[in-house]
Amino acid sequence: MAFETTETAAKGVAGTGNTSSAHLEFVGLSKISGPLVVIEGIRDVGFGERVEIVASDSDVRQGRVLAISEKAAVLEVFHGTSGLDQADTRVRFMGRPFEMVVSKEEVLGRIFSGLGAPLDGGPAPFRGEARNVNGFAINPVARAYPEDFIQTGISTIDGMNTLVRGQKLPIFSGSGLPHNDLAIQIVRQARLLTEESSFAVIFAAMGVRHDEAEAFRLSFEESGVLNNVAMFLNLADDPTVERLVAPRVALTVAEYLAFEEGMHVLVILTDMTNYCEALREVATSKGEVPSRKGYPGYLYSDLASIYERAGRIHGRKGSVTQIPILTMPDDDITHPIPDLTGYITEGQIVLDRMLYQKNIYPPVNVLPSLSRLMSDGIGEGKTRDDHRNISSQLYAAYANAKQVERLASIIGEEDLSVTDKKYFQFAREFEKRFVNQAKDEDRGILETLDLGWELVMMLPSQELVRVTPEQVEKYGKASHTCNQE
Amino acid sequence: MKEADKAQNPEVIFVSGPVVKASRAHLLSMNEMVEVGAERLVGEVIGLEDDTATLQVYEDTTGLKPGTRVIGQGMPLFAELGPGLISHIFDGIQRPLTELKEQWGDFIQRGKTGTALSRERVWQFTPTAREGDKAVPGQVIGTIQETDAIVHKVMIPPGIAGTIGKIAGPGGYSLEEEIAVIKTSGGPRSIRLFHRWPVRQPRPYVRRLMPSEPLLTGQRVIDTFFPLAKGGTAAIPGGFGTGKTVTQHQLSKWADADVIIYIGCGERGNEMTGVLTDFPQLLDPRTQRPLIERTVLIANTSDMPVAAREASIYTGITIAEYFRDQGYDVALMADSTSRWAEALREISGRLEEMPAEEGFPAYLASRLAAFYERAGQVKALSGEKGSVSLIGAVSPPGGDFSEPVTMHTKRFVQCFWALDKELASARYFPAINYLQSYSAYTEAVAAWWTERTGPEWEKLREEAVQILQEDSKLQNIVKLLGEEALPDDQRRILEGARLIKNDFLQQSAYDPVDTYCMPLKQFYLLKVIIYFIRRLKDVVDSRIPLFRAMELPVVEQIHRAKYTVSGEDIAPFEQMLKDMDQQVDQLLSRNQEANHGV
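Keeping their order, the protein sequence lines are chains R and Z. Per the working numbering, the very first residue in the first sequence carries number 1; after that it's consecutive. Per the working numbering, the very first residue in the second sequence carries number 1001; after that it's consecutive.
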């Protein structure tokens, strides 16, 4: 049975990690199990409150209240429970949910832990307002529909899976595939065609290796954007439970910068698979009924509470655009993590091992890839009037070409019909010239579209059913002659 | 709060997410609505045991402490039904989102807020009944022009009967004002412009009618191949990215229902925003009024509390039934019922109930059945004919249709529009798989189609289905040997199927003309295609290479017809039929001449 030690009035000041303006403090745990502890004999404690757990050697760990009854509370300890003892561990209930203090000057150009504590030797932010890291749902009435085209300079994205400002577009990858390179290239090249305005990059790492995080930092430094970046690092050897907070802290900062400071914020979350593993670990130690593959039944809602924190708001200048990265276990797109993600996000960019093995970078397989917000971000006045049709034509042609490839693997390339041979050729050229590009190659959208035309013009004209004859005349023929000259 | 007051109320004794337990359960009843704490969080009693009540709280419970007061509301979770529903957006427990934004700003906070329907707004009421008239439940006693498209009929709520003792004259009234008094055997009952109805209880009607009229959607693959009837049920299952939401949006835009209820259940915020942005601008093809004037939106986006997701479906269907009772044809789109089932699972898990398949509770099937059973065409209490058609999207994990929600849904719906990942990845939309999908209403609506379009409707449709089936068999051979390996009479089927697939079934949601296709245009487009396929037989029989026929100018016209011919203009199709005959005849005779020449 725990007993109460001190009681101090909660003050408005709250830090990110180390300040201890405790509300209530109790001593003694009745149970320790995995990342969870149970404390009894408490009073006046709220659900979801932040707690500080002070081990007998005065080491302070962060945690939160997972369930509460009249007599006892179940706490989740972000730094793990090893080294805690039952008798002397003290628990401070902070009387508030987990919060992050944010102000523009104090977060940009900085590196923090997954819980928002500074890792760069600088002071913890204290000047801004403290915000609940769980955020609040944006009222759908207040949302502004995302429709501003972002040029990433990558043909498979700009031409066929267009990213727009305020979208959440994940990269579905597999272990060993160059998703980090792609993300870095997007960060470096992404820009709007219409206006220039202040931007920020928020980078949240969950259980990634040190060298991966470092590669991101270096690339931010090289491209000179480091002062506009805030990094939240939970590395592979950091406590797993902390991973559950890291994206929320990062998004709290992103929302502040976007909706209070009017900045356009690009958020990179990597690797969401590690996040989900951590969620499963905690759910299992709570003894919850698992659903698919041992993941908790609320994995969808939990992921949504992260991914939905993207978008634009009427009457506010900024935006939050999310590019979460996840590695599909065993490259399986039907695994619960990519599956549920795909149901929440507005499309996905799928990387493909076969293309990677063909030495194609970025190995984006366009067929399962999708951008749901594409149709509102493209067309006349945004990109070009033929964008929708040429993109659709490329999809149709490539899908057909893939079937022809399968056929060719059975009957041999020689026995293909004349049309099928052209499709066969199209698939090769499409992969080699459209999909493939250098890591520093920044293709303009018009260049991408013209390239698309050049490729579809390889096919017999009666196959071009998704584009109009006028467009063939205007763009197709032009790209063709250009090419021949 | 005084100690004495406190002692009289149930108090919170346990909190875990949306599941809260309270003491003094004898003061509460099953399914009673409750308010928790000073913030008045809305919840519902979902279990009673040993003087402990289990509550499901529809809002975020962060900071909730044991000892907090719980107040029973004396009635189950209800919806407010009256003027002010149309063109508004509500959350899962019918909180008005536009008003919430005005009150709290851009982010949704928790706690009690005013009422679902505006109490201030004044409505122009026109009585249609007189003092002394007999009053029966559901009877219409007056009307209100709610929007240009919808006349709201003010009804005597179910359960009240007698004679009309008093009725207000024409004029402006707000929601709380008394507009009539009914003398009942139990004393006078006051009638206002709105009433409350418990959402989990179906509204009464006189009797069910058999569905016979199609619910036209303007989508060719649905209307012609897998039609839905007014009062029918349909499911759209599909993995992510197969176009469930675009299809649901298309249906809510173009379905020829009088009222559309769109429930965004656990889906993306931006999708609701898209509806809110598009619907005021798009015009209903029948009334030429903005679509929003016939639409009610219910939004529980995926980041909003999960318990309210479970309620959102019931709130939506109760509103749908209310308009049905006024004699309207209502179409309800629920996107997605899987999220609703998952909300059931989550709550069930927190209650530590024994799970059945994949962690879903054992009562999943009965809940799904109860939901779809609330669809139907009925003779309402008012004597009018009304209907509720239900269209539920299903999001099977991994696109696998053998999972519990899809499986059980299939048992209770009559139309199954299966979305196909492969079609979607070739950007072939709507990605409705024409081999896996089915509709049990085809026969029921055949009479309607035959009468409206032509006697050939059934025949043409059958022929098209047959060609598609033969094509799918032949495709197996093509996959192994290539198209070249087939003789011309079989390639005729492939070419024919290609025409049906590309020029009829495929339909662009983004093309201003093609997005909606009138029944007559559907009929003629199919007719032209099928006639051409029949003529191809003549070509093949004369041993003319098939490609020569496919190069005829009329083929290009067929390709373009869906984009170029608008409305119910049939002249271009008549012309195409003539041109086709002429061009094919010419091809045949030239061939004959050439043969004779040799």
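The hints are simulated quantities; they were obtained by calculation from the structure and are not laboratory data. All figures in this text were calculated on a predicted structure; none of them were measured in a lab. Be a bit skeptical, because a hint or two may be false.
Said to hold, decoys possible - Counterexamples of contact, computed for chain R against chain Z with all Cβ distances above 12 Å:
id, residue
1, GLY121
2, ALA142
3, HIS210
4, GLU277
5, LEU299
6, ASN359
7, ILE360
8, ARG388
9, GLU473
What the hints assert, rightly or not - If you anchor each label on the Cβ, the simulated ranges turn out as follows:
id, chain 1, residue 1, chain 2, residue 2, range
10, Z, PHE1547, R, GLY315, 33 to 39 Å
11, R, ALA478, Z, LEU1480, 54 to 60 Å
12, R, MET354, Z, LYS1459, 42 to 48 Å
13, R, LYS474, Z, LYS1379, 46 to 52 Å
14, R, LYS474, Z, SER1212, 33 to 39 Å
15, R, ASP385, Z, THR1113, 31 to 37 Å
Heads up, the beta-carbon is just placed ideally off N, CA and C, and yes, glycines get one too.
The hints, checked one at a time:
{"no.": "1", "hint": "GLY121", "result": "33 Å, holds"}
{"no.": "2", "hint": "ALA142", "result": "4 Å, violated"}
{"no.": "3", "hint": "HIS210", "result": "32 Å, holds"}
{"no.": "4", "hint": "GLU277", "result": "18 Å, holds"}
{"no.": "5", "hint": "LEU299", "result": "9 Å, violated"}
{"no.": "6", "hint": "ASN359", "result": "23 Å, holds"}
{"no.": "7", "hint": "ILE360", "result": "18 Å, holds"}
{"no.": "8", "hint": "ARG388", "result": "7 Å, violated"}
{"no.": "9", "hint": "GLU473", "result": "14 Å, holds"}
{"no.": "10", "hint": "PHE1547(Z) / GLY315(R): 33 to 39 Å", "result": "59 Å, violated"}
{"no.": "11", "hint": "ALA478(R) / LEU1480(Z): 54 to 60 Å", "result": "40 Å, violated"}
{"no.": "12", "hint": "MET354(R) / LYS1459(Z): 42 to 48 Å", "result": "46 Å, holds"}
{"no.": "13", "hint": "LYS474(R) / LYS1379(Z): 46 to 52 Å", "result": "58 Å, violated"}
{"no.": "14", "hint": "LYS474(R) / SER1212(Z): 33 to 39 Å", "result": "50 Å, violated"}
{"no.": "15", "hint": "ASP385(R) / THR1113(Z): 31 to 37 Å", "result": "46 Å, violated"}
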